Structures are given as structure tokens and as C-alpha cells.
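J.: Letter by letter, the chains look like this.
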Amino acid sequence: MFKYVLRRLVYIVVVFLIGSVLIFSLYKSVPGDPARLMIEGNKANMKPAEYEALYRDAVKKLGLDKPLVVQYFTWLFNTLRGDFGYSLTYKMPVRQMIGVPMKNTIMLNVWSLLPVFAITIPLGIATAVRRNTRFDSTVQVITIIGYSLPFFVIALLFIFLFAVKLPIFPISGVQTPGLRGTPGRMFLDKLYHMALPLLVMVFTSLGGLTRYVRATMIEALSMDYIRTARAKGLTEKVVIYSHAFRNALIPFITIMTGWFISIFSGSVVIERTFLWNGMGKVIIDALNQQDFAVSLAMVMFYLVLSLVGNLLMDLSYGLADPRVKLN
Amino acid sequence: MNKKLFILVLVAIFSASLFAMAAGETVAPKVETQVILGSSTQVNADFFNGWTNSATNSYLKTLMGGYETVSWTKEGRYAINPTAVKSWKATENADGSKTYVFNIANNLVYNDGTKITAKDYVFSILYAASPQVVEIGARYGVGPEYVGYTAYHDGSAKEFKGIRLLGDYSFSIQIAAEELPYYYDLSLVSVGPLPLHVIAPGVTVTDTPNGAKLSDNFTTDLLRETVLTPNTGYRYRPLVTSGPYQFESYDPADSTASVILNPKFLGAYDGAKGNIYRIIIKLTNTATQMDELKTGAIDMLQGISGGAQITRGLDLHDQGIVNYASYPRYGYGKIAFACDFGPTQFPAVRRAIAYSLDRNEFARQYTGGYGIVVNGYYGASMWEYRENKDRLDKELNSYAYNLQKAEDELVKDGWTLNKDGKAFVKGVDQIRYKKVDGELMPLSIEWANTANNPVSDLIAAMLVPEVKKIGMQINGTTVDFAVLLDHLYKDGIEKPVYGMFNLGTGFATTQAIWYYYSTDPEYFGTYNTNFIADKELESIALDMKRTDPQDQKGWAEKWILFQKRWNTLMPDIPLYSDIYHDFFNPKIVGYDSSPTWQFQYAILRADVK
Chain A
81 MFKYVLRRLV YIVVVFLIGS VLIFSLYKSV PGDPARLMIE GNKANMKPAE
131 YEALYRDAVK KLGLDKPLVV QYFTWLFNTL RGDFGYSLTY KMPVRQMIGV
181 PMKNTIMLNV WSLLPVFAIT IPLGIATAVR RNTRFDSTVQ VITIIGYSLP
231 FFVIALLFIF LFAVKLPIFP ISGVQTPGLR GTPGRMFLDK LYHMALPLLV
281 MVFTSLGGLT RYVRATMIEA LSMDYIRTAR AKGLTEKVVI YSHAFRNALI
331 PFITIMTGWF ISIFSGSVVI ERTFLWNGMG KVIIDALNQQ DFAVSLAMVM
381 FYLVLSLVGN LLMDLSYGLA DPRVKLN
Chain B
4 MNKKLFILVL VAIFSASLFA MAAGETVAPK VETQVILGSS TQVNADFFNG
54 WTNSATNSYL KTLMGGYETV SWTKEGRYAI NPTAVKSWKA TENADGSKTY
104 VFNIANNLVY NDGTKITAKD YVFSILYAAS PQVVEIGARY GVGPEYVGYT
154 AYHDGSAKEF KGIRLLGDYS FSIQIAAEEL PYYYDLSLVS VGPLPLHVIA
204 PGVTVTDTPN GAKLSDNFTT DLLRETVLTP NTGYRYRPLV TSGPYQFESY
254 DPADSTASVI LNPKFLGAYD GAKGNIYRII IKLTNTATQM DELKTGAIDM
304 LQGISGGAQI TRGLDLHDQG IVNYASYPRY GYGKIAFACD FGPTQFPAVR
354 RAIAYSLDRN EFARQYTGGY GIVVNGYYGA SMWEYRENKD RLDKELNSYA
404 YNLQKAEDEL VKDGWTLNKD GKAFVKGVDQ IRYKKVDGEL MPLSIEWANT
454 ANNPVSDLIA AMLVPEVKKI GMQINGTTVD FAVLLDHLYK DGIEKPVYGM
504 FNLGTGFATT QAIWYYYSTD PEYFGTYNTN FIADKELESI ALDMKRTDPQ
554 DQKGWAEKWI LFQKRWNTLM PDIPLYSDIY HDFFNPKIVG YDSSPTWQFQ
604 YAILRADVK
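Keeping their order, the protein sequence lines are chains A and B.
Just so you know, we're using our numbering here: the first sequence kicks off at 81 and counts up by one.
Just so you know, we're using our numbering here: the second sequence kicks off at 4 and counts up by one.
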């Protein structure tokens, strides 16, 4: 086990280095001049010599005057030290500007995980147990709608229904502008603003996960050991939750790992539609504005997260299924 | 049991929703006099000049700044600010330089009650021009026109020769001879106070025969602490300011910022002190911004363009939910030409393209009827245009759609051959040719455009097939906008390819056209993006620059001359100038905006019923 983890950690380092070279090269091959973008707004009515001096400063500051290899190693060394560079859009270090959107994204995702799992797991099990009943068919129809409709359509529909026609929730934002009050009141207001994006996230997640749990449970319930368990006279509750569900957990762990990673990565559609200032919005804005320090830092962060997530997933397999040997 | 669990989960979700609804009702803010401006551009953490140029942030920065020596007026001109300046004098020196002496009022204070003296004005210049601010990553355009700037800015002199501290309430600025005469010279001496006691505590401003200087404890480390400290530095929380409004809050989680009235403010150049207690800027989404206005989540949307959005806003107006103000954009969407190579180097070709496009229909289709067409390098709201509209409309060529005139231009310019060098026969030959430097040049133009751009689509549909009829070929290539700019500026481009581009442009308040149309190669690229080297156009522009600041009539005459020459050369084809709409809650009264009098100025004079 220890050897396995050690080997996987070495593998993570190697993949990280290869990934860093590829990603860095990819960003460097994108057309455009980051130094010019950095100072573009200062041009109006500035003398060419002054602009040129500014440009030279920007090139130097961004390290673009150095050979590509030097630029790569400087970037890699700084990244490993936790210095992710300077955001051209926010005009501040990436580390300084990334905190708030990351916090918002984690908050929204963690809050959405609770209802999603609380609904989908029991619902998936219930539909699997009552396969081909009217209840099962109804859930299938509802979940397929949630599964098939694009995020943004559902988001706009929910806004129209619950924020415009029935003005229950705010249309967008994280907090009521101008609101002053106790921390408790501010927290409640934040929850109030989070309600509609949360509803959309939960609604759109129900379809896929419920159907996934249903499928794995149906497969597990058809196994011989379930028949054996029933023949032994075990209660249906024990058969379903102790025998069938535990075996159905293994493929479910893959999904859980994906969700774990997604806690840190925002949904571009949800965040842009509801103006929830999170990571999805930050990354797409960074790409649109060629703010490569931000997007590079985030891509590398997600690379590490994926590698660590995969390791955790493999370790979880061993915990969930004693037949899986990690060596 | 399963049933019970399922019902329990549903009840929990329902309760949570009800709780959220109830929470929303109980936490609604107490609205006093407050205006929430919705903006699709995110407010960032910068509230001090020198870093980002976000238009949204600049609204708040302008509202927090005050007592500048020279103000921008509603009429689109510069004027001495009588609230801040008690008296002033401009003296032309023997060496050609010009010295402005300002005696400021002695009753000005910051919002924290600290007296504003001449030292604060001198400090604002010395700070912005100092080498220390470059070190902390700030960029200011302050000072290059003043005597002694270079030596002070590069650190070789501690004194700024052209700046003098003459007393507690008096200082002077000397503009270098090479910058004069300059029509906008007043704009060069527009200086506001900066709180020395906050940005550089312990630093002193003194006067010497060689100019004003800051004490040695004005260091980069000091500025890093007072200006750049995250969340508390002056860049992020400018708590001491001189303007009509003062900083209240910025919430990075929500990209929302607010300012509140400064009760100690004595008034702007026209005495305006502000009436609305709190002004908030909130991020909005283009898709839902009108709904936010309708539901009252925001009170105002500013600078709305595009037929669909404007129509929705006007529908709200018809329902009595909003009022609106409209004005033409201070800029336009255009076709820009490279005037230094290929067929587009010839004015006749550019004019032929202009004749081949029905610009009125183009503008109607693109703006949904909320746009106009201009015929020169101007916006319809510029005072020069407004005061000379009839004459300009008469004397400038509107290039009304006319393929015969387009063809005549080409023929007169020598585009009369075919690919074999023989006479071009309409209907037989596809592309016209012309002998240039002994070689045949095809009338084929490479056009760089960007993806998902309705303007590109309209050009492809409305212009490309038309020019084909007169023997011209336009080959469109869709590129990334950054690539388009590289080719427009010829930045790192060894052999230019594209002769035609489509993009938008905005005008600055003081248009430095002498840079934009200079024939000096040093200005080619980032300034003279057309690479046009027309001596006559440049000469008119330079003559404009040298106009006496008091001679408005002379300036206007030269401005018209410039537009006429530009209209003949057509380095760009102006396609459309949007009619911007500001939609606002009817509770807001007295809001009178224009392209040169935007939100930050108009809201100061508005009130809430």
C-alpha cells in the first residue's frame, strides 16, 4: 500500500511536469501580446516615447524579454513557490485576487452537494427497487427532462419563473447591494441569493445522478449474492443497504471523485448567468481577456487536483471493495 | 420507511425555500436616497488611479475626486474650477514655456476634515511623476509636458523644475516650450489634491530654486505600505478624498462598490454638491439586466446599445416603469484600411469601397434602428459638429450607395487593366488590375475579421458581393482579435497581409489627432493605425494643435478643414455610431447625460424623488 502510494506520487510529479510543459507551450503559442494588453488603456494622448518606455517596462515585468526556456523555468519555479504571477486584468498578484472567487465557488458547490446526494441516492435506490412501476416511470421522465435541457435554458427559465414572474428570489448577485447588518443577517442574505442558483444546480444534477444510482443498484440487485441474502431470510432493508448498495458504491466512487474536483471549479454557465463571482467566471474571463497568469495558474491547479483526485479514487476502491488490492 | 425519508427530504427542501424567501424579505435594505447602477463591466478592487482603466471604476474615482484646478464642463470644454481656484495667472515666458500660477481657496478640506493646501496639489504631481510609483507598478500620464519632467521621472533630479510651491495656498506649473502652443493647454494643468498625510505620512513637500521636491523618506517601501497593502492600502480603500462622494465599501465577492455623500464638499465647478446619499454599482448580466431594472433590483442602466436591449427598455418605458435618456456614441464602428500597401493605399480604392456600401441600411440593420452614420473622424455629439452641422452635412461627401461612382473612382485611378495587362472588360474579366511601379497589381483586398461578429457578417453580405460587380475582390479571413490587432499595428508582422479590418473606436475627450495622423514613422502602428502618411492631413492636425486656446472659432474652422481632408482620404469608413440609451427608475430626476457628460457627472446633478 505504502509503495503503491509512493509510486503514484512519483507518477503525479512526472505527469505534472509533462503537463506543465504542454500547457505552458500551448499558452505561449496563443497569438497576442500580453505586454501590449497590459498597457493598452494608457495609450490615449500619451507620447509614443512614453508609451514605448511603458511597453518596455511591461515586457520586462512580465519576463517576456527572456528566452522561452528561461520563461518556463521561472514560471514553474514561481508556481511551485506559490507565486502564480500577476493578473493583467486585476493588476494584482493572482494569489491575491483568486481567494474570493474560490471561496464563492466552494460555498456554492458544497451547499449544492448536500441536497444533490440527499435526493439522488435515496431516489436512485427507490426507483431501482421499484423498477418499472408508475413511480419509477414518473421519476425517469422528470429526470430525463433535467438531464436533457441545457444548463442555461433551465437557469433562464428558473429566473423567469422565480425571480421575474414570481419575484421570490433575486435575479443575480451574491448579496443585496447596500445591505448593512449583523453577520447573521448578512449570512442569511447570502443564502437567499444562493437559493436560485442552488435550485438550478440541484435540478440539473438530479437527472444524471439518480439514473446512475438506479442503474448501478439494478445491476447489484440482480446478483446471485442478493438472492442468497434474501434466501437467508435477511430483511429487505439489510439486503438493499448492506448488500446491494455497498456493491453499487464502486462505480459511484468515480462520480464522487468528479464531484470532489468540481467543488473547486465553478460552473461557467451558472456563475455567469447568476453573476456568482466564482472560479468558472474568473477562468472564462481570464481566457477572453488573455489574462494568462490567471488561467495558467488555474489550469495547473486543476491538473494537480485531478491527479490527487484520481489517487484518492483508487484508494477508495480498496476501501469499498476488499477484492481490490492496491499494489 | 423509504416513503417517510423521501417525504422528509422534500419537506426539508420546501422549508429551506420558504426560509430563503422569508430571509429575503426580512433582510431587504432600508432604501434612503440611493441609486444602484447596473453595469455589465465588473467593478474591480482599484479605486485609485494608476492601475486599471475600468470605465466602471472610473465613475467612482471621479465621484471621489474633487477640487481639481481645471474641470471638464457639460459643454465638452475645459474651464478653471472657481470653487478650488481663487485666482490664477498664465504667463508666457521668454523661452517659449508657459507658467500657470494657481492660488487655491483656503477653505477646502478632505472628508476627514484635514485642510487642503497647495502642498497636496504639488504632492499629487510629484507623486504621480516620481520613479517610486513606477516601482510599485502604477502608471500615470502626469507631467511629461512640464519642464524638468524627464530628470525628475528618471530619478536623476530630486527636484521637479517646472513645479513650484509658492506658499500655503499657491503653486505653479511650467509647461515646456516644445509643447506649446497647444489648444488644450488648460487640460495639461488640471491637477487635483492628493492627501499627503495619508499616502505619504511624514513626508514633506518643500520648494527650492530648482523646483519642488519631496523629502527623502518618500520611498517605494513607504508607498507599498500605504498604497498597496491588500484591503487597506489607498489603492483599495481610499478613505480620505476630496470629492463630492467618499468611499464606503467594496465587496469583491459580489463585485459591488458604493460611495456616500461627503458632507464637507463645497461644490464642483458649477456648485453641484450631489444630492443622492448613496451610489452603488452592481454587476449585471446583459441577458437579465432589463429584468433587474423591472423588478427594482437596480435603478439604472447606462450606455445601452443594440436594438433588442433598447426595445426592451423602451417597452418598460411605455409601461411607466422607467425613464430614459439617449445620445450618440462618442465613437463608431468602422472599416479601417492599411494605407501603406496594396490596393488600399490608394484613396480612390477606399472611396470606391465607401460608395459600394449602403451605410444607412448597414447601420439600421446592425443597430436595429438605434444608430446613425457619420462622414468623418468625429462623433455627432462633439461641439464642433453640433455647431457646424449644416455646413458639414453639406460639404462632406456622404458616399451614398452608388456603384457607378465607385467604378468611376477606380477607372480614374487607373484600375483599367485585366490580368494580362490589357483593357479590363466588364462581364468578361473578374478583377481589375493597375500598373504600379511597372508591375500589375490586382484589385484584391485581404480583409481580417473576427468570429461571432455581426458586423463581419453584414460586411460579408452587404459589401463583398457589391464590390465584385465593379471588378474588386475582398477576401475575408476570420482571425482572433489579438491577431487582428497584431496585423493592424503591424506588430511583429514581417510582411503585411491585410489591407482592411473591421473594429470599433472610441474618442478621447481631448483628441490628439496630431499623433493619430502623424507622418512620422515613430507614430505608425499604435497611434497612426492606418499608416497613412498624408502631409496635408498632418499639417492641418498640427495647425489645430497650435491654435490659441481662446480661439474657439479658429479651432472649429481648422477642425472642419481636417474633416474635409479626412473625408476625401477615407482612411476609415465609419459604419455606425450607436445611439446609447440610459434607462432609469422614474424616482431619479434631473439626470441629464450625454456622451461627454456620462454617469459620473450626470448623477452628481440628479436627485431622487
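Hint data in this document are derived by calculation from the structure and do not stem from the laboratory.
The structure displayed is predicted, hence computed values, not measured ones.
All C-beta atoms in this analysis are idealised placements derived from N, C-alpha and C, irrespective of residue type, glycine included.
Among the hints, erroneous ones may be present.
Stated by the list, open to error - Here's a subset of chain B near chain A, in silico, CB distances under 7 Å, partners left out:
1. E35
2. Q37
3. N47
4. V486
Said to hold, decoys possible - Mimicking EDC-like on lysine to aspartate or glutamate, the simulated pairs with C-alpha atoms at most 16 Å apart in a straight line are:
5. B:K556 x B:E390
6. B:K437 x B:D411
7. A:K183 x B:D254
8. B:K89 x B:E390
9. A:K141 x B:E138
10. B:K567 x B:D396
11. B:K471 x B:D432
12. B:K538 x B:D554
13. B:K493 x A:D216
14. A:K108 x B:D483
15. B:K472 x B:D432
16. A:K140 x B:E138
J.: Please go over all the hints and tell whether each is borne out by the structure.
T.: Right, here's what the structure says about each hint:
| no. | hint | in the structure |
| --- | --- | --- |
| 1 | E35 | violated, 9 Å |
| 2 | Q37 | holds, 6 Å |
| 3 | N47 | holds, 6 Å |
| 4 | V486 | holds, 4 Å |
| 5 | B:K556 x B:E390 | holds, 10 Å |
| 6 | B:K437 x B:D411 | holds, 14 Å |
| 7 | A:K183 x B:D254 | holds, 13 Å |
| 8 | B:K89 x B:E390 | violated, 32 Å |
| 9 | A:K141 x B:E138 | holds, 10 Å |
| 10 | B:K567 x B:D396 | holds, 11 Å |
| 11 | B:K471 x B:D432 | holds, 11 Å |
| 12 | B:K538 x B:D554 | violated, 24 Å |
| 13 | B:K493 x A:D216 | violated, 64 Å |
| 14 | A:K108 x B:D483 | holds, 15 Å |
| 15 | B:K472 x B:D432 | holds, 11 Å |
| 16 | A:K140 x B:E138 | holds, 12 Å |
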